[in-house]
Every structure is written in structure tokens, then in C-alpha cells.
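Whole structure, please, built from the sequences with the hints as guidance.
Number of protein chains: 2
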Amino acid sequence: MSLSEKRQLEVCYTPKLYSLFHQENCITVVVDVLRATSAICTAFDNGVEKIIPVASVDEAREYLNKGYIVGAERGGEIVEGFEFGNSPFSYMKEQVEGKTLVLSTTNGTRAIEASKGSDIIAMGSFLNLNALSKWITEQDKHVVVFCAGYRGRFNMEDTLFAGALAAELMKTDLYESECDSTIAAKHLYALAKDDLYGFLENTSHRNRLQRLDLEKDVRYCLELNEANVVPVMVDDALKNMI
Amino acid sequence: MSLSEKRQLEVCYTPKLYSLFHQENCITVVVDVLRATSAICTAFDNGVEKIIPVASVDEAREYLNKGYIVGAERGGEIVEGFEFGNSPFSYMKEQVEGKTLVLSTTNGTRAIEASKGSDIIAMGSFLNLNALSKWITEQDKHVVVFCAGYRGRFNMEDTLFAGALAAELMKTDLYESECDSTIAAKHLYALAKDDLYGFLENTSHRNRLQRLDLEKDVRYCLELNEANVVPVMVDDALKNMI
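Protein sequence lines, in the order shown, are assigned to chains Z and R.
Remember, the working numbering sits 94 above the position in the first sequence when you count from 1.
Remember, the working numbering sits 94 above the position in the second sequence when you count from 1.
Derived pair list, reagent style DSS-like, types lysine-lysine, alpha-carbon separation capped at 27 Å:
(1) Z:K280 <-> R:K280
(2) Z:K287 <-> R:K280
(3) Z:K144 <-> Z:K160
(4) Z:K110 <-> R:K280
(5) R:K110 <-> Z:K280
(6) R:K210 <-> Z:K110
(7) R:K110 <-> Z:K210
(8) Z:K110 <-> R:K110
(9) R:K287 <-> Z:K287
(10) R:K100 <-> R:K228
Listed next, the stretches of chain R that the computed footprint assigns to chain Z, with coverage defined by at least 3 CB atoms under 8 Å from CB atoms of chain Z:
(11) 101 to 111
(12) 249 to 263
(13) 279 to 287
No lab work stands behind these hints, which were simulated from the structure alone.
We put the CB at the ideal spot given by N, CA and C, even for glycine.
The structure is reproduced here in C-alpha cells:
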């Protein structure tokens, strides 16, 4: 179905607000920059065949018992009994190429679960910014950028990505936004873009990851366009659309 | 009870997120800049004795039938059958001095209702920024700035006020914030403060008020420190604390 009106672009800051947003004729872009959607993009860039996101650790464990490669993270750490969490560096070519990966993370996979009413569910991170924005403009859909947030709240890193994506999409003149969240995200990204790492220095989640000694992960997750991939939900698994 | 730890300062962008925030030992500052909390501050500045906020139009009508001065607004307009809405210019000295006012507004009075678990509920607007921040520092409490938002969503004008109040309070060194919402609000206010009116030019709510021909109200609501008042809920009514 093609849209008769101009495409709407909206930014949703947390899962608790998602029900207020467009879901018909819509691409929902799930964003969990630190680190779920960055890990997903990295895995596809390294040739993973598909990724099955699961909401609960129990489900993840079932897949583990069946012999799958499974990542499970809660509170920034690998869940006991699993080999991988949500670090992008866990999903290198030798681990994932040609394989199916199962993934359960604190905020990211829950946001995927919450967005199941949407026509298309795509994954966004700084790593696939250009690939994703190009692919989105080729679809005749409204867009909701769905930030996974942190424990239900607004977080800065996902908002900055939302601002980056909004700025890219709005270069095309295909989109309009009457949504203050989009305007705020664009302003924040404009402030931060020359030094994302520095800008995030004092924010909550990054401090928490610092305590967990994840500096290398954070720096990598803030790099732009390292992964030429567009992970999209097809039935119950993510596949790369390009 | 006095706080043993440093006072926490948090910003809540919409009523839908309020349950995630501090409520014990806490001042909740309800913010609905366009226009409920600005109208409330104006009424107190013009000598209103107390204001009874009510959530429903039916309740407002009951008070009207009892002979009270009643304001009722929905969707930016005065509800049929009422003389006043939420325009600050309705609450001049000759109307309100020494009297009790009853008020029901779309977002503002609902936010007051939602924050009833908090120790202290105060009203914030640009009009009483300095008076409010000075009064807050004199209370030994955490602070949640509770933006009324717009139809459950984030809005820019309330967020800018939250940033302004956060910037004031954090000058004192009494407060700390690990909350990304606070950091974002401060950044946005820093960008906007030299021209609040211009900054809000393209945001959703302001456009809507423009369509309703409320330009004069908007300009007034963005003025700083016109009202030396601190409206606080005492039992079921707002009273001026200074």
C-alpha cells in the first residue's frame, strides 16, 4: 500500500511510550546503541545468516541446549551459563559466519518484542547509519525511531542516534515531523556529532559501562558506517536486507 | 526527615514515565508551560487565595454551579459553559484577588493528579523560575521535574523549562543528577535560552497554539520571573508558599 500523504518521521524515547506512536504503514527502527543493535549489525557484517531475538533468558537457554550459538546479556553482563553477551566483539567472522545466532538482551530484544505491531522492524545503530537510511528512503512508509532506553527511561546514546537518522532522512524531503522528540534529538545530535564519545562522557549508561570496563565497546559502537547492513525482522528472525 | 545523601535531581518527560521516578522525600515540580502552570503562577501573582485543581470537566461544572470562579480547558480552548480556560490573561487582579479559583486543564491538572504520591507538589513555569528555584533549595528534598507533556508525549517547552530549573539548581552544588533526561534538558535550554520564542517556532504545541491565535499568551508564558510565587499543593488546593 502506498502512502497518499507525506511520510511521518517520529522518535519514541522509551518502550513505555511506544503505544502512542504510528504503527500502520510504518517502519519501526529499534535502537539500542550500547550495545544490542550494534552487536546485531556487527554480526550481520560478519556474515551471520540470521538472528533470532528472544525476550527471556529461559528461551535463550532452550536454544543453547539445542546447540545454537546464543548470546544472553542482563545488566551489561553475560548471563551465567552463556558464552556471549551483547559485546559486538563477540560476533566476529569466525564465530558467526553462515550461522544462526540467538540473542537475548536487557533492553534491545524487549524493544523488538514491543514493536511487533509494526509493518517492518529494522535495527539501527551508528554502525549502519548510512545503509539503513538509504534503505528506509526506498520504502514508502512512515518511520518511528524506537529507542530502547534504559530501564524504561530516556537515554542519551539512543537519542543521539535517532537524531542522526532523522537528520539523514530529512535531507531527502520525503519526510516531515511535527514531533518534538524528533526536533530535540536532531538538536542534541548536532551538538554531539563532532565528538560523540566526549558528549556522552557524563551520561548515565556510559558511566555504567565504564564501571564494567567496556570502554573499547563504547568507542566501537559510536563509530559511523562500519557495517553495510540492514537487519530486518522476517517472521521470527532478523535477516540482512542488503 | 533530612536526607543523608546528596539530593537527586531528575526530569520526567511525560506522565507515562512518572512511576519510574523518585517519590519519597521528593519535591515534584509540575510543569505545563503552555499554559496551565503559567496561568496558575499568574493567578497567585495577582493575589488569588487558593486554586483547587480538578481532573474532570464534570467536577469543574459542579464547582461552577456552586458559584466558584472556574477555568476549564480542553485541547487549548475554553470548555463550553465556562468563562475561563487556561490563558494567564484570564486571571488578572480584578478577577481573582482574594478568591478561590477552580481549574481543570488537559495536561496540567492531570499531572498534578498523577503526582499525588510525592511529598511536595509545586508548580513551575518560566514566570516563577527564580522564586521556585530559591524555595526548592531551602527544602531538604530530592527533586523530580515533571513535564506534563502533550497527549502523553515529550514536548519541547516543558523540557526547556526543566533545563532552566536544572541549570539554576545545579549552580548551588546541592544537587546531582545521573539522569540523561536532565542532561538533555540542560543542553536544549542552553541552545534555546537567548531566544525561547524563536527556538520553539517549529515545535508541535506552539504551532497548535498559533492556529488557535494564542501568540500573545505564548510570548507571555516564555517570559522569565514575572511572578514571585511558589504554588504548592496543601491538602487539596494550591497555595502560595511565599
